[in-house]
Amino acid sequence: MLAARRMDNCRTRSLQRDAQTSIPKRNNAMPEAPLIACPECDLLQVETPLPPRRTACCRRCGVALYRSSSDSLDRALAFALAAVVLLVIANSLPIAGLEVTGQHTETTLWGAVQALYDQDRVAVAGLVFATTLFAPAVELALMLYMLVPLRLGRVPRHLSLAFRLAPLAHEWGLVDVFMLGVVVSLIKLGNLATVVPGIALWSFGVLILLLTAVGASFDAREFWLRAAANRAALDRAAGGTRERALEPAT
Amino acid sequence: MKPAYVTAAAAGLLSCPACALVSRPPAATTGIESPTARCPRCGAGVHARKPDSIARTWAFLLAAFVLYIPANVLPIMDTSSLFDAQQDTILSGVIYLWKSGSWGTALIVFIASVVTPLAKLLALTALLLSVHWKSAWRPHVRAQLYRAVSLVGRWSMLDIFVVTVLVALVQLQSVAVITAGPGAFAFGAVVVLTMLAAFSFDPRLIWDAAEATDD
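Residue numbers (our numbering), protein chains in the order written: chain W, 1 to 250; chain F, 1 to 215.
Please note that a few of the clues may not be correct.
[What the hints assert, rightly or not] Quick list of simulated restraints, FRET-style, between CB atoms:
no., chain 1, residue 1, chain 2, residue 2, range
1, F, Pro70, W, Arg154, 47 to 53 Å
2, W, Arg157, F, His132, 41 to 47 Å
3, W, Gly126, F, Ala148, 24 to 30 Å
4, W, Phe134, F, Val115, 26 to 32 Å
5, W, Val88, F, Leu118, 35 to 41 Å
6, F, Arg138, W, Leu225, 33 to 39 Å
[Stated by the list, open to error] Residues from chain W shown here face chain F by an in silico Cβ test under 8 Å; the list is partial:
no., residue
7, Ala37
8, Leu43
9, Cys61
10, Ile89
11, Asn91
12, Ala115
13, Arg121
14, Ala123
15, Leu127
16, Arg164
17, Ala220
[Said to hold, decoys possible] Chain F stretches covered by chain W per the calculated footprint, using a threshold of three residues with CB under 8 Å from any CB of chain W:
no., stretch
18, 15-23
19, 61-72
20, 104-113
21, 139-145
22, 178-188
23, 197-207
Please keep in mind that the hints were generated in silico from the structure rather than gathered at the bench.
Just so we're clear, the structure is a prediction, and the values are computed from it rather than from any experiment.
Every residue, glycine too, gets a C-beta built ideally from N, C-alpha and C.
For reference, chain W alone in the conformation it holds in the complex (with noise of 0.2 Å):
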C-alpha cells in the first residue's frame, strides 16, 4: 500500500529530520535493524524507530517509506467495516434524479452501468463497473477476510495472496472520480432541468473518505509483524510442532 501513502506530508523539513532512516554502514555485514529499500529508487537504508505519528522518508528521493503506528490494523478494519455499509447504501438507492416536463427519471449506479450496456456499450460499462463497484468490493472484501481473522489472533489461508491483490484493488477504484463526475454531470444538467441529488451520493461521498483512510491506515510492516505473532501463537498451542519461516532472507 505504498502507493497510498505516497501523497504524505513527510517532505516537510521537521518530519525529515525527526523520521530520517540511515544508509547502512559498509562492513557491516550484519545491521542492528532491518533493512528497507526505497521502492522508488531502491536505495537501501537501515529502519529507524519512530517518534508516534511519524513518517520516514527516503534519503533521496524522499518518497515515504513507512510510518509509526500501533494501531494502524484495527483502525483499518473500523474503517473497512464502516465502508461496507455505506458501499451497500451507495448501491441501493440512487443518485440523483431529474425531472423535465412532469417526467422523472433517477438512477442508482447499476442502472448507470445497465444504460451503458443496453446500447451496447459493454466496454464502457464494463470498465464503469470495474471501477466503481467491482474494486471497491474486492478491496474491502480481501480486508474483512485478512483482518477479520488476524483481530482474532488466526491466520487467514492464502494471506499473502490476499495482501498481494488488495494494492492492485485500491488502485483500480475510482469511486472519488466518479463522484466527481456526478457533480459535474449535475452541474451539466442544472442549466436544463430540475435536478434532485440522491441520498446515494452523501454516502458516496462518505465512502471516498472510509476508502481512504482504509488504505492510509493500513500498514504492511505492522500486517506482517501481525500475522507472524498469530503463527508463532498458534504454533506455541500446537506444541510448536510445526516450523513456518517467516524470517527474512537477509
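Given chain W, put chain F in place with the hints provided.
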C-alpha cells in the same frame, strides 16, 4: 561529490514490491534465464527491476497515443431531442460548459480530460527517453514527475463517468435522450492504457541511469 548510496540491487538484495521485505535471492534465481525469485514472507515475485519495464511501458504508451486521436475526434455522447440531434466530443463538451457560464466546471473538465491525458503521454515519453539515453539530468525532478503522473492519471476517467450519469439520467422519451458515442470507448481505453503504462514504468531506472553516469 559522490554520496555513499548503495542500492539494494547493488548489494545483491531484492525488495518485495508488495510487502517491502528486503531479502537475498537464492543462488538458483540470480542467473538470466532462471525462475522468478519469490518473497520469503508474502510470496510475491521479486525482481531487482520490474521485468521488461521499458518495453512494456512503450507498448502501453504507443497504444494510448494511437487511441488518443479517435478519443478526441469521435463523439463521446449523442444528444437527441425533439428539435435537434447533437454530437459532443470531449472538447465540445468543455466549450459547452464554458459558454453556459459554468467556468469552474469547464476548467475542471478541461484539466482532467484534455490537459491530463496529453501531459501524461508526454511525461511518460520524456521519462522513457531519459532512461533510454541514460540521462543523469535532475533525478529528483524526474522522480517527482513520475509520482505526479501516477497520482493524477486516474482523474482523466472523469469524462467517462460524466457520460455514464448523463446516459442513465437523460432518458426522457419525449424531450431528450442521451447515448454514449464511440469516442467514449477510445477515451476510456486511453486512460486505462496510460495508467497501465505508469504502473509498468520502474522509477528506479531513473536513479540507475543517474548513478551509472556518475561512475
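Going down the list of hints, with the structure as the test:
1. At about 52 Å, the beta-carbon gap between Pro70(F) and Arg154(W) stays in the expected band of 47 to 53 Å.
2. Judged by the Cβ atoms, the range 41 to 47 Å given for Arg157(W) and His132(F) holds: they are separated by roughly 44 Å.
3. Judged by the Cβ atoms, the range 24 to 30 Å given for Gly126(W) and Ala148(F) holds: they are separated by roughly 28 Å.
4. Judged by the Cβ atoms, the range 26 to 32 Å given for Phe134(W) and Val115(F) holds: they are separated by roughly 29 Å.
5. Between Val88(W) and Leu118(F) the C-beta distance comes to about 38 Å, which sits within the given range of 35 to 41 Å.
6. Between Arg138(F) and Leu225(W) the beta carbons are some 37 Å apart, a value that agrees with the proposed interval 33 to 39 Å.
7. The interface hint given for Ala37(W) holds, since its Cβ lies 3 Å from the closest Cβ of chain F, which is under the 8 Å cut-off.
8. For the restraint placing Leu43(W) at the interface with chain F, the shortest Cβ-Cβ distance is roughly 6 Å, inside the 8 Å limit, so the hint holds.
9. A cut of 8 Å between beta carbons decides the hint on Cys61(W): the least distance to chain F is about 5 Å, and the hint holds.
10. Annotation: Ile89(W) was flagged as interfacial toward chain F, and the flag is violated, the nearest CB pair being 18 Å apart, outside 8 Å.
11. The interface hint given for Asn91(W) is violated, since its Cβ lies 14 Å from the closest Cβ of chain F, which is over the 8 Å cut-off.
12. The beta carbon of Ala115(W) is positioned within 8 Å of a beta carbon in chain F (closest approach about 4 Å), and the interface hint is therefore held.
13. Annotation: Arg121(W) was flagged as interfacial toward chain F, and the flag holds, the nearest CB pair being 5 Å apart, inside 8 Å.
14. For Ala123(W), the interface hint holds, since its Cβ comes within 8 Å of a Cβ in chain F; the closest pair sits about 5 Å apart.
15. Nearest Cβ of chain F to the Cβ of Leu127(W): about 5 Å, under the 8 Å cut. The hint holds.
16. For Arg164(W), the shortest C-beta to C-beta distance to chain F is roughly 5 Å, which falls under 8 Å, so the interface hint holds.
17. A cut of 8 Å between beta carbons decides the hint on Ala220(W): the least distance to chain F is about 5 Å, and the hint holds.
18. Figure legend: the stretch 15-23 of chain F, annotated as covered by chain W; annotation consistent (8 residues with Cβ-Cβ distances under 8 Å, at least 3 required).
19. Restraint check on the stretch 61-72 of chain F versus chain W: 0 residues with Cβ-Cβ distances below 8 Å, three needed, restraint violated.
20. Counting residues of the stretch 104-113 of chain F whose CB falls under 8 Å from any CB of chain W gives 4; the rule of at least 3 is met.
21. With 3 residues carrying a beta carbon less than 8 Å from a beta carbon of chain W, the stretch 139-145 of chain F meets the three-residue requirement, and the given coverage holds.
22. Only residues whose beta carbon comes within less than 8 Å of a beta carbon in chain W count, and the stretch 178-188 of chain F has 5; three or more means the coverage holds.
23. For the stretch 197-207 of chain F, the proposed coverage by chain W is satisfied: 5 residues have a C-beta within less than 8 Å of a C-beta in that chain, meeting the threshold of three.
Checked against the numbered hints listed earlier, the structure breaks hints 10, 11 and 19; every other hint is satisfied.
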